[in-house]
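Novice: Those sequence lines, one after another, are chains A and B. 141 is the number of the first residue of the first sequence in the working numbering; add one for each residue after it. 12 is the number of the first residue of the second sequence in the working numbering; add one for each residue after it.
Don't read these hints as lab results, they were simulated from the structure. Some clues are possibly wrong.
[Stated by the list, open to error] Partner residues are not named here, just some residues of chain B that face chain A (Cβ under 8 Å, in silico):
(1) 39
(2) 72
(3) 111
[What the hints assert, rightly or not] If you want a taste of the chain B side facing chain A, the calculated C-beta under 10 Å gives, among others:
(4) 59
(5) 75
(6) 88
(7) 109
(8) 110
(9) 113
Glycine included, C-beta positions come from ideal geometry on N, C-alpha and C.
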Amino acid sequence: TQLLEQSPQFLSIQEGENLTVYCNSSSVFSSLQWYRQEPGEGPVLLVTVVTGGEVKKLKRLTFQFGDARKDSSLHITAAQPGDTGLYLCAAISSGSARQLTFGSGTQLTVLP
Amino acid sequence: NAGVTQTPKFRILKIGQSMTLQCTQDMNHNYMYWYRQDPGMGLKLIYYSVGAGITDKGEVPNGYNVSRSTTEDFPLRLELAAPSQTSVYFCASSSANPYEQYFGPGTRLTVT
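So here's chain A without its partners, still in its complex pose:
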């Protein structure tokens, strides 16, 4: 089982600040996804990254996949209270079963 470590575990910032959260593994990912989970709900997919060095942008969110495909980061510019939630990275297994292995998450709180 691929172990994913996310950091920081908790992050509390003021509205308008920038932040970066990280997802790391000692193993190579075939591909990786980022999800956001709000209280009382299931996770919702934000992005899938597949190619080493890939950068994807989703409005104020920038996702980067490391060149060696062992790490990924999520950068939020000018955070807003609506960005508050649990951010989870998940590695997709390369087999036909298509399983996800989740990191433990980063709980982000953006204060108004």
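Model the placement of chain B on the given structure of chain A, informed by the hints.
Specialist: Relative to chain A, chain B alone:
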């Protein structure tokens, strides 16, 4: 726009009782999954299915059973509830391509 539905939303069980958590999806997805999420943690895979009639164990299957008689339904059975099974349970489904897991709203289970 039902997506993935789960029932019940909340349940309190006594030690040794049994129950079935229901999960239904209306997207004609072949892949379905059951996860548990403990406080402050990511999701751990309990069981998964790649199609009707096919199920397999995930990372934490002990104490649980599943069946997949139809494409739409994927119930999770707890036979002898234990306090360690207190958690929030999420069901998810996915097509093969594009690979995105759609999650239900979760069932919060307490075993006392």
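Novice: Each of the hints needs a verdict: does it hold here or not?
Specialist: Comparing the hints with the structure gives:
no.	hint	in the structure
1	39	violated, 16 Å
2	72	violated, 13 Å
3	111	holds, 5 Å
4	59	holds, 6 Å
5	75	violated, 16 Å
6	88	violated, 20 Å
7	109	holds, 8 Å
8	110	holds, 6 Å
9	113	holds, 8 Å
In the structure shown, a violation is registered for the earlier hints numbered 1, 2, 5 and 6, in ascending order.
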